[in-house]
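Colleague: Once you have looked at the hints, place chain B on chain A.
Number of protein chains: 2
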Amino acid sequence: MPDRNQQFSTEQSDLLMQMLAARRDVRGNRFLADELDQSDIDKILKAALHAPSVGFSQPWEFVLVKDKQSRCTIAESFFEENEKALQQFRAGNYDAAKLEQYQALKLEGIVESPLNIAVFYNPKKGPVLGQTSMPEMGRYSVVCAVQNMWLMARSLNIGIGWVSILDPQKVKAALNAPQDRELVAYLCVGKVDKFYDQPELETLGWEERKAEQQVVLSEGY
Amino acid sequence: MPDRNQQFSTEQSDLLMQMLAARRDVRGNRFLADELDQSDIDKILKAALHAPSVGFSQPWEFVLVKDKQSRCTIAESFFEENEKALQQFRAGNYDAAKLEQYQALKLEGIVESPLNIAVFYNPKKGPVLGQTSMPEMGRYSVVCAVQNMWLMARSLNIGIGWVSILDPQKVKAALNAPQDRELVAYLCVGKVDKFYDQPELETLGWEERKAEQQVVLSEGY
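These protein sequence lines are chains A and B, in that order.
My numbering applies: residue 4 is where the first sequence begins, and numbers increase by one.
My numbering applies: residue 4 is where the second sequence begins, and numbers increase by one.
These are computed hints drawn from the structure, not numbers from a lab.
Treat the hints loosely; a few may be bogus.
Since copy identity is lost for identical chains, a pair holds within one copy or between any two.
Here are the simulated lysine to any residue pairs, SDA-like style, with alpha carbons at most 25 Å apart [said to hold, decoys possible]:
1. Lys128 to Glu210
2. Lys49 to Leu18
3. Lys49 to Phe198
4. Lys213 to Gly95
5. Lys109 to Asn96
6. Lys175 to Arg142
7. Lys213 to Pro130
8. Lys175 to Glu139
9. Lys71 to Gly223
10. Lys49 to Asn160
11. Lys87 to Pro126
12. Lys49 to Gln10
13. Lys173 to Gln217
14. Lys127 to Asp170
15. Lys128 to Arg142
16. Lys213 to Leu18
17. Lys173 to Glu139
18. Lys197 to Met20
19. Lys49 to Ala24
20. Lys128 to Pro171
21. Lys127 to Pro171
22. Lys101 to Pro138
23. Lys128 to Asp183
24. Lys49 to Leu207
25. Lys69 to Glu84
26. Lys71 to Asn179
27. Lys128 to Lys213
Chain A with its partners taken away, still in its complex shape (with noise of 0.2 Å):
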């Protein structure tokens, strides 16, 4: 069994802070149609494998969609599902430039990657150690899952973007999920012809990033 009681060195450390801070959500505008290698996949399923996982639960199940009928009806959900995201923003008074600037952007690369991963939590019957009392803890296991599969990617040069504007009832449809799966993610995985330097959305001036000391607080409120 390899030693994982080993220590990193602060180089090693600044490195993952580079990993993370250069890791994007990348749409179909920056996708390259390449085929991944199946190496390149395997790492970054192991990575999902290696989350943390309430009660040790491994609450996950990981559907590989590459098939182009299932991605253009997953698509399609998409679109309507942004019709109506579309009138939510207008409804909440966004104002005329701010409705044109979401109109404009491109939120997903679901037929532009060469693979997409559908992430579902296999809920366990009966108590898990751990989810007595925040029922929600499996749910956050997959995503912990999908943070580190978003993380390796990015460390093999590969870009993934997470679609959340769809009906999680209609992909369960096109994937032929039983029941009671529940939809937590939606990732469209591939190459890219790069990683823009800071989000998209920040860039654009969607929303300023926030300060720590916004968000960061001592002993309470």
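Modeller: Coordinates of chain B only, in the frame set by chain A:
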């Protein structure tokens, strides 16, 4: 601005995998009482702030808790909730040996660790880009921040334990959190005497590790 389009090498990616695999959930029997360096705490928080967030909403807040009284109040909630958990396992027809195993587990390090960090979701009023169809995306962004913290801590040879056997309302009350905030994670942070080679619950046989072929599917169910 740093170049975020940098290419990482296979050796660097392999190092990330080592970090992912060496990260552990740490409980009170492994924490040392040593105070943490402020520079390390800053790096852990910086890692959090580089997490992805839906619509760049950055819906997170981090409360650093060292105060003994707050921690004792929160530890009391753990003991109450853990008693309820035991009732659930009893009702779930777990056998006597499994119940005994549960009772013998050390499941938190609230007072043993030198620092606790309560991580909250601060929901935004009005629609959030990317969150209109899946409202849980805001909470999931906060979970990504937690996973970044966990990995950064591990690279600094610092342990984190996520305590979820808590009543979120009692934690909120102890920290005077506003009504609309939601507790996502309660973290115990500190140096450790050692990191285990594998998850403790795996070593103890509480749950078995799932094989990749059990949780990875091609094209659908």
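Colleague: With reference to the structure, classify each hint as holding or not holding.
Modeller: Evaluated hints:
Proximity of Lys128 and Glu210 under a CA criterion of 25 Å is satisfied inter-copy only: 14 Å between copies versus 41 Å inside one chain copy. Taking identical chains as interchangeable, the C-alpha atoms of Lys49 and Leu18 lie at most 25 Å apart whether they share a chain (20 Å) or sit on different chains (14 Å). Proximity of Lys49 and Phe198 under a CA criterion of 25 Å is satisfied in both settings, with 23 Å inside one chain copy and 20 Å between copies. Taking the closest pair of Cα atoms, Lys213 and Gly95 come within 25 Å of each other only inside a single copy of the chain (22 Å); across copies the shortest separation is 45 Å, beyond that limit.
In this assembly of identical chains, Lys109 and Asn96 lie within 25 Å of each other by CA distance solely inside one copy; the values are 22 Å within and 51 Å between copies. Taking the shortest Cα distances, Lys175 and Arg142 sit within 25 Å of each other both inside one copy (16 Å) and across copies (21 Å). Taking the closest pair of Cα atoms, Lys213 and Pro130 come within 25 Å of each other only across two copies (18 Å); inside a single copy the shortest separation is 38 Å, beyond that limit. When the C-alpha separation of Lys175 and Glu139 is checked against a cutoff of 25 Å, the pair qualifies both within a copy, at 20 Å, and between copies, at 17 Å.
In this assembly of identical chains, the alpha carbons of Lys71 and Gly223 lie at most 25 Å apart only when taken from different copies (13 Å versus 51 Å within one copy). Taking CA atoms no more than 25 Å apart as the test, Lys49 paired with Asn160 passes in both settings, with 16 Å inside one copy and 22 Å between copies. With identical chains, the CA atoms of Lys87 and Pro126 are at most 25 Å apart between copies only, with a shortest distance of 20 Å across copies and 29 Å within one. When the C-alpha separation of Lys49 and Gln10 is checked against a cutoff of 25 Å, the pair qualifies both within a copy, at 22 Å, and between copies, at 21 Å.
In this assembly of identical chains, the alpha carbons of Lys173 and Gln217 lie at most 25 Å apart only when taken from different copies (24 Å versus 38 Å within one copy). In the homo-oligomer, the alpha carbons of Lys127 and Asp170 lie at most 25 Å apart both inside one protomer (23 Å) and across protomers (21 Å), since each shortest distance falls under that limit. Taking the shortest alpha-carbon separations for Lys128 and Arg142, both the intra-copy value of 14 Å and the inter-copy value of 24 Å come in at or below 25 Å. For the identical chains of this complex, Lys213 and Leu18 are intra-copy neighbours only, at 23 Å inside a copy versus 30 Å across copies, given an alpha-carbon limit of 25 Å.
In this assembly of identical chains, Lys173 and Glu139 lie within 25 Å of each other by CA distance both inside one copy and across copies; the values are 22 Å within and 17 Å between. Taking CA atoms no more than 25 Å apart as the test, Lys197 paired with Met20 passes in both settings, with 19 Å inside one copy and 23 Å between copies. With identical chains, the CA atoms of Lys49 and Ala24 are at most 25 Å apart both within one copy (22 Å) and between copies (9 Å). Both within a single protomer and between protomers do Lys128 and Pro171 lie at most 25 Å apart by alpha-carbon distance, with minima of 22 Å and 23 Å respectively.
Both within a single protomer and between protomers do Lys127 and Pro171 lie at most 25 Å apart by alpha-carbon distance, with minima of 20 Å and 22 Å respectively. Taking the shortest alpha-carbon separations for Lys101 and Pro138, only the inter-copy value of 21 Å comes in at or below 25 Å, while the best intra-copy value is 37 Å. Only within a single protomer do Lys128 and Asp183 lie at most 25 Å apart by alpha-carbon distance; the minimum there is 10 Å, versus 31 Å between protomers. In this homomeric assembly, Lys49 and Leu207 come within 25 Å of each other (Cα to Cα) only across copies, at 22 Å, whereas the closest approach inside a single copy is 35 Å.
Within a single copy, Lys69 and Glu84 get their C-alpha atoms as close as 22 Å, which meets the 25 Å cut-off; across copies the closest is 44 Å, which misses it. When the C-alpha separation of Lys71 and Asn179 is checked against a cutoff of 25 Å, the pair qualifies only within one copy, where the shortest distance is 15 Å, while the shortest distance between copies is 51 Å. Taking the closest pair of Cα atoms, Lys128 and Lys213 come within 25 Å of each other only across two copies (16 Å); inside a single copy the shortest separation is 40 Å, beyond that limit.
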